[in-house]
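J.: Top line first, the protein sequences correspond to chains P and X. Okay, so the first sequence: first residue is 0 according to numbering that gives the first Met the number 0, each after it adds one. Okay, so the second sequence: first residue is 0 according to numbering that gives the first Met the number 0, each after it adds one.
To be clear, the hints were calculated from the coordinates, so they are not data collected in a lab. Treat the hints loosely; a few may be bogus.
Put simply, identical chains are the same to the list, so a pair is met inside one copy or across any two.
30 Å max Cα-Cα, derived DSSO-like pairs, lysine-lysine [claimed, not checked]:
(1) Lys187 - Lys84
(2) Lys200 - Lys146
(3) Lys112 - Lys159
(4) Lys187 - Lys131
(5) Lys85 - Lys32
(6) Lys115 - Lys175
(7) Lys198 - Lys130
(8) Lys187 - Lys130
(9) Lys2 - Lys110
(10) Lys175 - Lys2
(11) Lys159 - Lys198
(12) Lys159 - Lys92
(13) Lys130 - Lys200
(14) Lys85 - Lys2
(15) Lys171 - Lys198
(16) Lys175 - Lys200
(17) Lys146 - Lys159
(18) Lys200 - Lys110
(19) Lys131 - Lys198
Given the structure is predicted, the values throughout are model-derived calculations rather than measurements.
Chain residues, written in single-letter form:
Protein chains: 2
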Amino acid sequence: MIKEGLLLVISGPSGTGKGTVCKELLKIEKDIKLSISATTREPRNGERNGVNYHFLEKDVFERQIEQGEFLEYAKVYDNYYGTPKKYVIDEIKEGNNVLLEIDIQGALQVKEKYPKGIFIFILPPSMNELKKRIVGRGTESEEAIQKRFGSALDEINYVKEYDYFVINDEVKEAVKKIRALIRAENCKVSENIEEIISKFKEEISC
Amino acid sequence: MIKEGLLLVISGPSGTGKGTVCKELLKIEKDIKLSISATTREPRNGERNGVNYHFLEKDVFERQIEQGEFLEYAKVYDNYYGTPKKYVIDEIKEGNNVLLEIDIQGALQVKEKYPKGIFIFILPPSMNELKKRIVGRGTESEEAIQKRFGSALDEINYVKEYDYFVINDEVKEAVKKIRALIRAENCKVSENIEEIISKFKEEISC
Numbered sequence: 000m001i002k003e004g005l006l007l008v009i010s011g012p013s014g015t016g017k018g019t020v021c022k023e024l025l026k027i028e029k030d031i032k033l034s035i036s037a038t039t040r041e042p043r044n045g046e047r048n049g050v051n052y053h054f055l056e057k058d059v060f061e062r063q064i065e066q067g068e069f070l071e072y073a074k075v076y077d078n079y080y081g082t083p084k085k086y087v088i089d090e091i092k093e094g095n096n097v098l099l100e101i102d103i104q105g106a107l108q109v110k111e112k113y114p115k116g117i118f119i120f121i122l123p124p125s126m127n128e129l130k131k132r133i134v135g136r137g138t139e140s141e142e143a144i145q146k147r148f149g150s151a152l153d154e155i156n157y158v159k160e161y162d163y164f165v166i167n168d169e170v171k172e173a174v175k176k177i178r179a180l181i182r183a184e185n186c187k188v189s190e191n192i193e194e195i196i197s198k199f200k201e202e203i204s205c
Numbered sequence: 000m001i002k003e004g005l006l007l008v009i010s011g012p013s014g015t016g017k018g019t020v021c022k023e024l025l026k027i028e029k030d031i032k033l034s035i036s037a038t039t040r041e042p043r044n045g046e047r048n049g050v051n052y053h054f055l056e057k058d059v060f061e062r063q064i065e066q067g068e069f070l071e072y073a074k075v076y077d078n079y080y081g082t083p084k085k086y087v088i089d090e091i092k093e094g095n096n097v098l099l100e101i102d103i104q105g106a107l108q109v110k111e112k113y114p115k116g117i118f119i120f121i122l123p124p125s126m127n128e129l130k131k132r133i134v135g136r137g138t139e140s141e142e143a144i145q146k147r148f149g150s151a152l153d154e155i156n157y158v159k160e161y162d163y164f165v166i167n168d169e170v171k172e173a174v175k176k177i178r179a180l181i182r183a184e185n186c187k188v189s190e191n192i193e194e195i196i197s198k199f200k201e202e203i204s205c
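Just chain P, same shape as in the assembly (with noise of 0.2 Å):
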């Protein structure tokens, strides 16, 4: 019997920098696959399907959707983002970890569906820092900045719904962090109670 991967949410408000960290991590951890979402929304310049996204019919998306296919989905405006759970699911068996970056919501959605997910959060160094990194993309309007920046203030409440949190100051400390979770998780007894036992009881017996 193969022992089973580990599903690794990471997700935190905007502006935590969860993305930069996913990246690193998928960088070092050559092992861990990255779940591709999928969307019913145009691809952009350079965008290729399979890669930055799974992009689908609108039609097809829905149908999806009722064949209970995806781990967790989100209608924003008019294109529906989601995470196909066949590519997971499959992976997860074959013994590798998965990791899914995604929202707050999206993450309470594969929480329902696949609790025994490794669900991390990832905040700022302080709000101040998170203000700093949101002004600094310097891609939006101080209406726009106060919007995210208040439902950062809202969406770190939902921290009490995962497993860890990891303070994202250094890059380089939060995937360290990481790491841990990851070699703690497989240490963990309650996960692999039956394979301790019998690994030493198989041997005595022959």
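Put chain X on the given structure of chain P with help from the hints.
T.: Positioned in the frame of chain P, the structure of chain X alone reads:
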């Protein structure tokens, strides 16, 4: 408010090398405090009071048992051995991590009194390897070896009472895993939720 330290309880069957693992861990993680056991047995050559053990008179030890001053204790033949509670609790309250290297029966007693502890079970890489290690000591009769080996086998069942298991194949690797567990425990939301929420909310209300 100071964040409490962790109580790390490391145990496992004899011959798994938990002593070596603990020694190496303490060399690297210099901030971890080692709990020193108390005993009523005579000091052996070179053993120092307060370093190897706290050497106590029998009547003192028994009075301390009555007063609930031990996290765990046992009588082995005519001598008592135990873990003084005060030192451990004081250090934890100060924010320090404390290490207890202890046998399985002792660990189970500690778990009753301090369930928040991190209970780590050291396993041999295999039962064959364990036998080799027990034989390798070269100090025991065939009968004693068989007895020790048999009880090690029974003891492995207790792994289910622990939070984590660590296979001691390479000491360096085992230490790495324990360090990862400590890091992971410090990222657990459940142990830090008030701190996280207040950190971000207070900052905002200022």
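J.: Indicate, hint by hint, whether the structure satisfies it.
T.: Hint check:
1. Lys187 - Lys84: both (25 Å within a copy, 27 Å between copies)
2. Lys200 - Lys146: between (59 Å within a copy, 17 Å between copies)
3. Lys112 - Lys159: Both: 18 Å inside a chain and 27 Å across chains, each within 30 Å.
4. Lys187 - Lys131: For Lys187 and Lys131, the Cα distance is within 30 Å only across copies (27 Å; inside one copy 38 Å).
5. Lys85 - Lys32: Result: close within a single copy only, 13 Å intra versus 48 Å inter.
6. Lys115 - Lys175: This pair counts as both: shortest intra-copy Cα distance 22 Å, inter-copy 25 Å.
7. Lys198 - Lys130: For Lys198 and Lys130, the Cα distance is within 30 Å only across copies (15 Å; inside one copy 52 Å).
8. Lys187 - Lys130: between (37 Å within a copy, 25 Å between copies)
9. Lys2 - Lys110: Both ways: Lys2 and Lys110 sit 21 Å apart in one copy and 29 Å across, limit 30 Å.
10. Lys175 - Lys2: Classified as both; 24 Å inside a copy, 22 Å across copies.
11. Lys159 - Lys198: between (36 Å within a copy, 14 Å between copies)
12. Lys159 - Lys92: Result: close both inside a copy and across copies, 28 Å intra and 24 Å inter.
13. Lys130 - Lys200: Only across copies: Lys130 and Lys200 sit 14 Å apart there, 56 Å inside one copy, limit 30 Å.
14. Lys85 - Lys2: Close inside one copy (18 Å), not across copies (42 Å); limit 30 Å.
15. Lys171 - Lys198: This pair counts as between: shortest inter-copy Cα distance 22 Å, intra-copy 36 Å.
16. Lys175 - Lys200: Result: close only across copies, 27 Å inter versus 35 Å intra.
17. Lys146 - Lys159: Within. Shortest intra-copy distance 22 Å satisfies the 30 Å Cα cut-off; inter-copy 49 Å does not.
18. Lys200 - Lys110: between (35 Å within a copy, 26 Å between copies)
19. Lys131 - Lys198: The answer is between: 17 Å across copies meets 30 Å, while 52 Å in one copy does not.
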